[in-house]
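J.: Sequence:
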Amino acid sequence: AHYPLSVTDDRGKTLTLAAAPARVVSFAPSATEIVFALGAGDRIVATDDFSDFPAEAKSLPKLGGVRTSPEKIVALKPDLILAITSGNLPAQLDQLGQPLFIFDPTDVEGVYKNIRAVGQMFDREQKAMQVVADMRARIDAIGTKAKQATSQPRVLHEVDSTDPARIFVAGPRNFIDSIITTCGGVNVAADAPTKFPQLSAEQVVARGPEIVVLADFRFGATPEQVVARPGWSGIPAVRNRAIYPIDDDLVSRPGPRLVLGFEAYAKIIHPELFGTQ
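All residue numbers for the sequence shown refer to the numbering used here, where the first residue is -12 and numbers rise by one.
Hints should not be assumed to be uniformly reliable.
[To be verified] List of simulated lysine to any residue pairs, SDA-like, C-alpha gap at most 20 Å: (1) Lys59 / Val32; (2) Lys100 / Lys114; (3) Lys254 / Ser239; (4) Lys254 / Ala128; (5) Lys182 / Ile71; (6) Lys114 / Pro243; (7) Lys254 / Thr209; (8) Lys49 / Asn75; (9) Lys64 / Gly52; (10) Lys100 / Ser(-7); (11) Lys134 / Glu197; (12) Lys59 / Asn75; (13) Lys0 / Arg103; (14) Lys100 / Val246; (15) Lys64 / Arg10.
Source of the hints: derived by calculation from the structure; they are not laboratory data.
Using the sequences and the accompanying hints, generate a full structural model.
T.: Laid out in structure tokens, this is it:
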């Protein structure tokens, strides 16, 4: 790469880098994973609290969550800050004139674009191309194979059941929706007005999911709990005990491990084509 280098982020804002970044603050687990996957993890000086992969990321200084004070970040004199759109932090960092690059991909192509952008910024373009090519080949293979399926099971992807009477699920316009579709399923909440709507038991029953995927498994949601929920007994997924936990990080972090999320999901939706987990 030739510096100064200009890159445009998912907000359409252009950032110009005078040289390859050497002091990076990564404020999103997906960004941290991308930087490490491209072999530039040693440039990260601090991350958000949730950046825990790969193992080396765990030992990096942690700056907090979405409510972190921007001053904490500025004090580290970063030459690049990678972040996602959540919270007020991006706007605050912008006001302070910080070198901010925002990730906000809405589909897999958007993830590939982000990986290539990081490759450009760190002069790791070859590696970025390899990572993207590998992901694309594996995800495309799933999409092709899923087309052979004779059925398209109706899938409910549960994100948070802290209030079991009003569970949060994956709606339209997010990765999980595109994963379900690619793997040959139908997202039962694809018609919702928001990306992560809340559904009542009645709304779940009306949608008749044949498969329930628990992304909140790590936070204590279990298939047994789902079966015992008031009003859920008539749902096909409950009658047939088609309730499966999944590692949420694989499907909710738009980075290199998303391909593992696709592969895990393919086995849940079409075990007859992809084998079981």
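J.: Take the hints in turn and mark each one as holding or not.
T.: Status of each hint after checking the structure:
Taken as a hint, the lysine 59 and valine 32 pair is honoured in the structure, with Cα atoms around 12 Å apart against an allowance of 20 Å. Straight-line distance between C-alpha atoms of lysine 100 and lysine 114 comes to about 14 Å, which keeps the hinted pair within the 20 Å bound. Restraint check: the Cα-Cα separation between lysine 254 and serine 239 comes to about 18 Å, which is no more than 20 Å; the hinted pair holds. Between lysine 254 and alanine 128 the CA atoms are separated by roughly 13 Å; this keeps the pair inside 20 Å, and the hint holds.
Among the hinted pairs, lysine 182 with isoleucine 71 is consistent with the structure: their alpha-carbon atoms are about 16 Å apart, no more than 20 Å. The straight-line distance between the Cα atoms of lysine 114 and proline 243 is roughly 12 Å, inside the 20 Å bound, and the hint therefore holds. With a C-alpha separation of about 19 Å, the suggested pairing of lysine 254 with threonine 209 holds against the 20 Å cut-off. Note on lysine 49 and asparagine 75: the hinted pairing holds, with a Cα-Cα distance of about 18 Å set against a maximum of 20 Å.
A threshold of 20 Å between alpha carbons decides the hint, and for lysine 64 with glycine 52 the separation of about 19 Å falls inside it, so the pair holds. For the proposed pair lysine 100 and serine -7, the alpha carbon gap of about 15 Å is at most 20 Å, so the pair holds. Distance hint between lysine 134 and glutamate 197 is fulfilled; the C-alpha atoms sit about 19 Å from each other, no more than 20 Å. A hinted pair counts as satisfied when its Cα atoms are at most 20 Å apart, and lysine 59 with asparagine 75 qualifies at roughly 14 Å.
Distance check on the hinted pair: lysine 0 and arginine 103 sit about 16 Å apart at the alpha-carbon level, within 20 Å; holds. At roughly 15 Å between alpha-carbon atoms, lysine 100 and valine 246 fall within 20 Å of each other, so this suggested pair holds. Taking the CA atoms of lysine 64 and arginine 10, the gap is near 7 Å; set against the 20 Å cutoff, the hint holds.
When each numbered hint is compared with the structure, no violation occurs for any of them.
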